[in-house]
Structure formats: C-alpha cells, structure tokens
Amino acid sequence: MEAILRAIADSGLDPSVIDGVFTDAQVMPYLFPVDKLEGSISLPNLEQIGCFSVAGTGTGYATLQAAEAVRTGRCRAVLVYFGVDWGSNSGGPYAFHDRYLSKRHFERPYGFYGQPLYYANYARRYAHKYGHSLETLSAALGTVAVHQRSMALKNGNAQKTTPLTKDDYAQSRMIADPLRLFDCCLISDGAGAFIVTDASRAQDHSDHPLVQILGVGYGRQPLTEENFFTQNPDLPGMPAARSSARRAFEQAGLKPEDLDFAEIYDCFTISVLIQLEELGVCRPGEAASLLAADGGDFLEKLPVNTHGGFLSQAYLLGINHITEAVRQLRGTAGSGQLPNPELCAVTMSPSRDHTTMILAKGGAR
Amino acid sequence: MTVSDAAHSDKTETVWSRDEERLVRPFYDAARRAQLVLPKCPDCGRYHWYPSPVCPHCQAPGWDWRPVASEATLFTWTVVNHAFNESLRGAVPFVTALVELAAAPGVRLVTNIVDCDVGALRAGMPLVADFRKPVWSAHVLPVFKPAPAERD
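Protein chains in written order, with our numbering: chain A, 1 to 365; chain B, 1001 to 1152.
Hints were generated in silico from the structure; no laboratory data involved.
Hints are supplied without guarantee of correctness; some may be wrong.
[Claimed, not checked] Have a look at the derived ranges for each label pair, beta carbon to beta carbon:
1) B:D1043 / A:N89: 53 to 61 Å
2) B:R1132 / A:P29: 50 to 58 Å
3) B:R1122 / A:L181: 20 to 28 Å
4) A:L181 / B:A1120: 25 to 33 Å
5) A:D189 / B:V1092: 47 to 55 Å
6) B:A1103 / A:G362: 25 to 33 Å
7) B:G1119 / A:L181: 18 to 26 Å
8) B:D1043 / A:P256: 48 to 56 Å
9) A:E135 / B:Q1035: 56 to 64 Å
10) B:R1132 / A:K255: 35 to 43 Å
11) A:G363 / B:G1119: 57 to 65 Å
12) B:W1016 / A:D189: 36 to 44 Å
13) A:E225 / B:A1103: 45 to 53 Å
14) B:S1087 / A:A293: 22 to 30 Å
By construction, the Cβ of each residue, glycine as well, lies at the ideal position given by its N, Cα and C atoms.
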C-alpha cells in the first residue's frame, strides 16, 4: 500500500489518470488483490486490471502488458505493483510445495523439498556439462555473492548490513551442495510499485529524468511449473530466458554488449550465471570461468544487481530489481550510483517462463 | 487422509483422493511389490513424467501404467545438509538426485541415492532401483543404488 502511494506520488500523476492495474497472478491474488487495493485508494477511472503468471515472471509480464497497453492507447497510465510476506508468513516460500500433487508424492518423500535443492541440481549439472570443477564453480558463485553484498552495503536500504569476504563465503555452511548459505536469497517482507505511462505525460508531470521501456520479451517452455526443476530437457539451460532475452533485445534494437548494467533474478547465485549466458552476455558455460578467474573485471564492465539483489538486499521477487534499475537510470541510486549508466536489462525469473526488459535513460537512445 | 498425512502420522492406512487414486497410487502400489511402473501413452508409446491425464507428447487422453526396468544413470544430485523441515532433522545429510531411466527416455525420477559413498557419486554412473522407505515417507518407494558392476 505504502509502495503504491509512493509510486503514485513519485509519478506526479493524479490517481484519476491511472486506468490500469497489473500485477502477478501467484502471490498478489491472495496477499493484496486488486479489489483490496481499490477498496483502499480511489482509482475512479480504472478500466483494465490483470494478473499474470507466477510471482517474478508475473511482475515482468505485467510490465510487458503495461507497456503494450500504453503504446496502443488502451491505457493512459498503468500501476504495476508487487509485494510479498514470505519473511513473516509461516509457510514462507516452501508453502507452495504441498499444492502440487507431484511434489507431494514424488518429490517430498525423498526430501526433495526447498528451492536450494532445485538450484543445487542445476548448479552441479551446469558444472558437469561445461567441465568446470566444483572449485571453479564455487569461486564463481562466491564472486557473485561477495559482489552483491558490497553493492547492498552501498544501497543503504538492504537487509544485509555487514561485509562479506571470499573467505566468509568459502567457510559458510553448506546448505545443499554445491550451494552454501550465501548462495541463497534472503527471505523478506516488502513491496514495490511503479507507473508506466507515455513519455509526454511522464515528462509533463514529473521532474525525474525519463526512464524508457525499450523492449520487454516473454519466453516460455512447454512444461508445468512443477516439472521445470526436474524434467526440463535442457537442464541446466533455461530456454525461456534465452527466448525472452532475444525478443527483448530485438524489440529494443540492441545487443547484450550495449548494456551498462543488469539486474538479474538472483534467487540463487547459480541462476545469475545461467541467465547471464542465456541473455547472451557471455557464451554458454563461460560465466563460471569469467567470474571465477577475474570476477572483478567482468563485474566492473557489467555491474550486476546494483542494490544487492535478493542475496543481500531483499527477496522481493524482482520488483526491487525494476525499481533499482529506474533509480540507477535516473541517477538517484545514492552511494550505490553507477557513473552515468544509460542502458539496463532486468530479468525475471529463472523458471519455465521468463521476462527480460530493456530499460534506458530517456533521450539516451 | 492423504498419503502425505500418513507419512507424518506413520499410519499405514491410506485414503487416496480421486486424482491420487489414478495419478499416484499405482506407482506406490507397484513399489510395495518392488516394481517400478510409469505412465505410458497407448497412442504414441512414449513414457511421461509426472503423471498427466493427457499425454504431453501427443495429447492422447489416458495412459497405461507399465513396468519399467530400473537401470538408470545419475543425472545430477545434491547432498542435503540443511533440514528444510522439522521431519528431516534426523535424516540430514542425505542425497537427493535426478536419475534418467534407460527404458524410459525423457523421464527423470527424483530419488534418494543409497548404499554409496557421496565421494563416489559421478554424473552418468549406472544405478539400479531398490525398494525402501525414502527419507521422508512411511511408504516403500523406489530409491537408487549403484549398479552391481559399479559396486565390485
């Protein structure tokens, strides 16, 4: 609620201009559905509402729909919002397991329960497929964890406020090998919101520099959400991420090497590596070598998760990646501000479906 | 009571829902007889996993539960050190794995690997099924262990 009110205030728009509200279809329908929102704040001219896909991807897909609705004139201004209570809700992120018949009967009996196990399987298969030793993989994953922690410390609005060294990482508790404690995202309560509208309306009402949506791509794999972690024929590849990135870059008329920074859905360190490859930032299997050998250099050229991400800021399933990207492009990211970035990719989420959005500083392209 | 409740209470009598009756129970019943069965499409002849009311390969409705040879290879695995549920506190560390069945291409089973030193695990190693209670179940189910030649 607070996030929504702040987003509306930030946009400078009168709430009566907002005629669309889009969000995800997994968490929001029970946590803060649109009718509850409408009962709380007055949006007198609301005409379009929509809930899309699962949490992370849903927020990305909601953005795609918002951009399309504004582009085609179907909406004047669209509110996109997302929040999560997994930090305090007793079931947390594990509650959903029992909803799936297959998980209940063919996975849980074996203790295959908890997202770190899913991505541990991906991580080990990734190392095997590309011939990386677990030492190389671990060095690369550690680079991501340490880098993101350093960004979180600059952010000032992060759950994690203490430094993390490579040694801290290497000595941290093994959760599900090869994934350690610091390979896993935090568990958080939090929310975010933003408004998508046309450039001239944004310019007329806001003093902020414009941030443009140059492209949003959606990709998918013909698998159910419950099958993705075990039956994905491409495992450890993520074809949905590959196609969403291709579409987003095509729409934007840009290439991965044009990016100044990237906010990558980092539920686990390994998902950052795999998505960097699927995005085309580096070749398949290459992320581990680049980040293990000279992670500093790689991340200097392409800073990733400049707010600390899910690993060190908060696990808000991607809405915080979008708001951080906007702050960076506006130049209002505080002490974590990059020097004049112009172009960013935001990805959500490493699963059966995926969105990639390309955002640019207004007038830069 | 569903089978999962039974797992918690350690009662042996299981009441299956209608969906569980057709999509789950045959697998469990076969496992009790030390047999591995999988859903096979009568139309295109392919196996699929997890059980689905419609063949995901050819969209034909219906399926037959067919016995499948348990020779498998290790696709990927993790040694679980953290107990993600109270019930698993006594079980950690244990190995969960994805195994691929030679007789059912495209199917990967989630399982536990037993009778094998974790240091000896490697991708592609040959495995066979054994039928025991896995780490978090009151039911006998297929788990996997190194194939005989592998253990010599």
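Comparing the hints with the structure gives:
1. B:D1043 / A:N89: 53 to 61 Å: violated (44 Å)
2. B:R1132 / A:P29: 50 to 58 Å: violated (41 Å)
3. B:R1122 / A:L181: 20 to 28 Å: Roughly 26 Å apart at Cβ, these two residues keep to the hinted range, so it holds.
4. A:L181 / B:A1120: 25 to 33 Å: holds (26 Å)
5. A:D189 / B:V1092: 47 to 55 Å: violated (28 Å)
6. B:A1103 / A:G362: 25 to 33 Å: violated (59 Å)
7. B:G1119 / A:L181: 18 to 26 Å: holds (22 Å)
8. B:D1043 / A:P256: 48 to 56 Å: With Cβ atoms ~43 Å apart, the hint is violated.
9. A:E135 / B:Q1035: 56 to 64 Å: About 42 Å separates the Cβ atoms of E135 of chain A and Q1035 of chain B, which means 56 to 64 Å is violated.
10. B:R1132 / A:K255: 35 to 43 Å: Hint violated: Cβ distance 53 Å, outside 35 to 43 Å.
11. A:G363 / B:G1119: 57 to 65 Å: Cβ of G363 of chain A to Cβ of G1119 of chain B: about 58 Å, so the range 57 to 65 Å holds.
12. B:W1016 / A:D189: 36 to 44 Å: holds (37 Å)
13. A:E225 / B:A1103: 45 to 53 Å: violated (27 Å)
14. B:S1087 / A:A293: 22 to 30 Å: violated (42 Å)
In this structure, the earlier hints numbered 1, 2, 5, 6, 8, 9, 10, 13, 14 are contradicted, and the remaining ones agree with it.
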